[in-house]
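Colleague: Letter by letter, the chains look like this.
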Amino acid sequence: DAKTTQPNSMESNEEEPVHLPCNHSTISGTDYIHWYRQLPSQGPEYVIHGLTSNVNNRMASLAIAEDRKSSTLILHRATLRDAAVYYCIPGPMRRSQGNLIFGKGTKLSVKP
Amino acid sequence: SQTIHQWPATLVQPVGSPLSLECTVEGTSNPNLYWYRQAAGRGLQLLFYSVGIGQISSEVPQNLSASRPQDRQFILSSKKLLLSDSGFYLCAWTRESSGNTIYFGEGSWLTVV
Chain G
1 DAKTTQPNSM
11 ESNEEEPVHL
21 PCNHSTISGT
31 DYIHWYRQLP
41 SQGPEYVIHG
51 LTSNVNNRMA
61 SLAIAEDRKS
71 STLILHRATL
81 RDAAVYYCIP
91 GPMRRSQGNL
101 IFGKGTKLSV
111 KP
Chain W
1 SQTIHQWPAT
11 LVQPVGSPLS
21 LECTVEGTSN
31 PNLYWYRQAA
41 GRGLQLLFYS
51 VGIGQISSEV
61 PQNLSASRPQ
71 DRQFILSSKK
81 LLLSDSGFYL
91 CAWTRESSGN
101 TIYFGEGSWL
111 TVV
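Chain order of the listed sequences is G and W.
The opening position of the first sequence corresponds to residue 1 in our numbering, with each subsequent residue numbered one higher.
The opening position of the second sequence corresponds to residue 1 in our numbering, with each subsequent residue numbered one higher.
One should not assume that every hint holds.
EDC-like mimics (lysine to aspartate or glutamate), calculated; alpha carbons at most 20 Å apart, straight line [stated by the list, open to error]: (1) G:K3 - G:D82; (2) G:K107 - G:E16; (3) G:K107 - G:E11; (4) G:K111 - G:E66; (5) G:K104 - W:E59; (6) G:K3 - W:E59.
Please keep in mind that the hints were generated in silico from the structure rather than gathered at the bench.
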C-alpha cells in the first residue's frame, strides 16, 4: 500500500483559500488519489478523487503533480464548516484489490 | 441511489459482554464492505474488509470478528468485549464505477464499561 505524508495540522482564515498538501511517493501507476474529510463526531465523507489530471467539483479542486508523487487539495474559500480532518488516500482502482487505509490526516482549523 | 445504514448508533456494554454491530447497503450489488474503528482522538483503523459473501480479510488481530452472510450485509461481532474496544465504529462500502470511492455509514459509538 502506498504511504502518505500530510501535515498534522493547518490553520486558515475564513474566506481565504487553503492548500492541503499530500506526498504519496510510492503510489502505484493504477492508484487513484482520493481525498476525504471527517467532521467531528461523523464518519468521513468523500471530497474528490483523481488519477492524473487536475479535477474540480463543487467542494474543492485537486491538483496532481506530473509525477503523481504528490497532490494538493484546494479549498477556494474556506468556511467555518470546512474545519475537519482531511485525509489523502491513494487507493486501488479495482474493488477486487480490497482495502483502503486511512492515515492520520491533516486537521484544518478555520478562524473567523 | 445507494445508501448505507448501520446500527445501533450508540451502545454501552460491560466488559466481557458480546457485541453485534450490523451494517446494510442498499441500491447496489456486490460492494466491497469495510469495518473501521476510531478511538477517541485517534485516526481510522481498518479492522476488516470483504470483497464478497463469506470472504473476510482481517487487518488487525484482536477479539473482534466479522461476517458477511449476505451480499449487502456486514456484521461486526465480539464474544467478550474489552475496555480497549471502546470507540467509534464505521461501516463503509465502495463502488468501482467511481474509482473505488468509499462511502461511510453514520457510525456506532461503543463504550465498554
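Colleague: Run every hint past the structure and note whether it holds.
Modeller: The hints, checked one at a time:
1. G:K3 - G:D82: 25 Å, violated
2. G:K107 - G:E16: Between G:K107 and G:E16 the Cα gap is close to 17 Å, so the pair holds against 20 Å.
3. G:K107 - G:E11: 8 Å, holds
4. G:K111 - G:E66: With Cα atoms ~33 Å apart, G:K111 and G:E66 exceed 20 Å; violated.
5. G:K104 - W:E59: 17 Å, holds
6. G:K3 - W:E59: Holds - the C-alpha atoms of W:E59 and G:K3 are around 16 Å apart, at most 20 Å.
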